[in-house]
Amino acid sequence: TSLPPSSPVSNPPHDVFGPPSPKTIVTISPPPSPPKHVPSPPKSVISPPQIYLPPIVYPPPPSPHKKPPQYAIWCVAKPTVPDPIIQFAMDYACGSGADCKSIQPNGSCFQPNSLLAHASYAFNSYWQNTKIGGGTCDFGGTAMLVTVDP
Numbered sequence: 001t002s003l004p005p006s007s008p009v010s011n012p013p014h015d016v017f018g019p020p021s022p023k024t025i026v027t028i029s030p031p032p033s034p035p036k037h038v039p040s041p042p043k044s045v046i047s048p049p050q051i052y053l054p055p056i057v058y059p060p061p062p063s064p065h066k067k068p069p070q071y072a073i074w075c076v077a078k079p080t081v082p083d084p085i086i087q088f089a090m091d092y093a094c095g096s097g098a099d100c101k102s103i104q105p106n107g108s109c110f111q112p113n114s115l116l117a118h119a120s121y122a123f124n125s126y127w128q129n130t131k132i133g134g135g136t137c138d139f140g141g142t143a144m145l146v147t148v149d150p
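When we follow full-length UniProt numbering, the leftmost residue of the sequence shown carries the number 1, and every step to the right adds one.
Hints should not be assumed to be uniformly reliable.
List time: in silico BS3-like cross-link candidates among lysine-lysine, alpha-carbon distance up to 27 angstroms [as the list claims (entries may be wrong)]:
1) K78 <-> K101
2) K101 <-> K131
3) K78 <-> K131
Hints in this document: simulated from the structure, not taken from any laboratory.
Use the sequences and the hints to build the structure in full.
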């Protein structure tokens, strides 16, 4: 259908919105094609040898101070052993490391002047001087350990 010549000519729509924008032509190029040969990574990688540092050695913690026994121990003659056997054992102790000067007449431990007291002093002196090296309080079964000061 055509419009009669007397009809008013309507303006094209671009008149309402302003002149048309210039047309922009955008060329889209395809992405670049991958290279024909891509080297694959090697099957095994040789790495430099690992360097191991020596371990850090810390000194051991200080050992707790060893407390002396809460009680003292003495080596004394058994009161049930006959005197001749006690005398023999005391002579052994005095000749093998006991300090028996104190139980001699006028010595600081001569009193009480009894074989049992003197043997107990000699046995204890010997044991105190030799126990660290393995000395015992036995004297052929004539001695025993006690925790009461004789």
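**Prompt:** Any hints this thing doesn't respect? Which numbers, in order?
**Reply:** none
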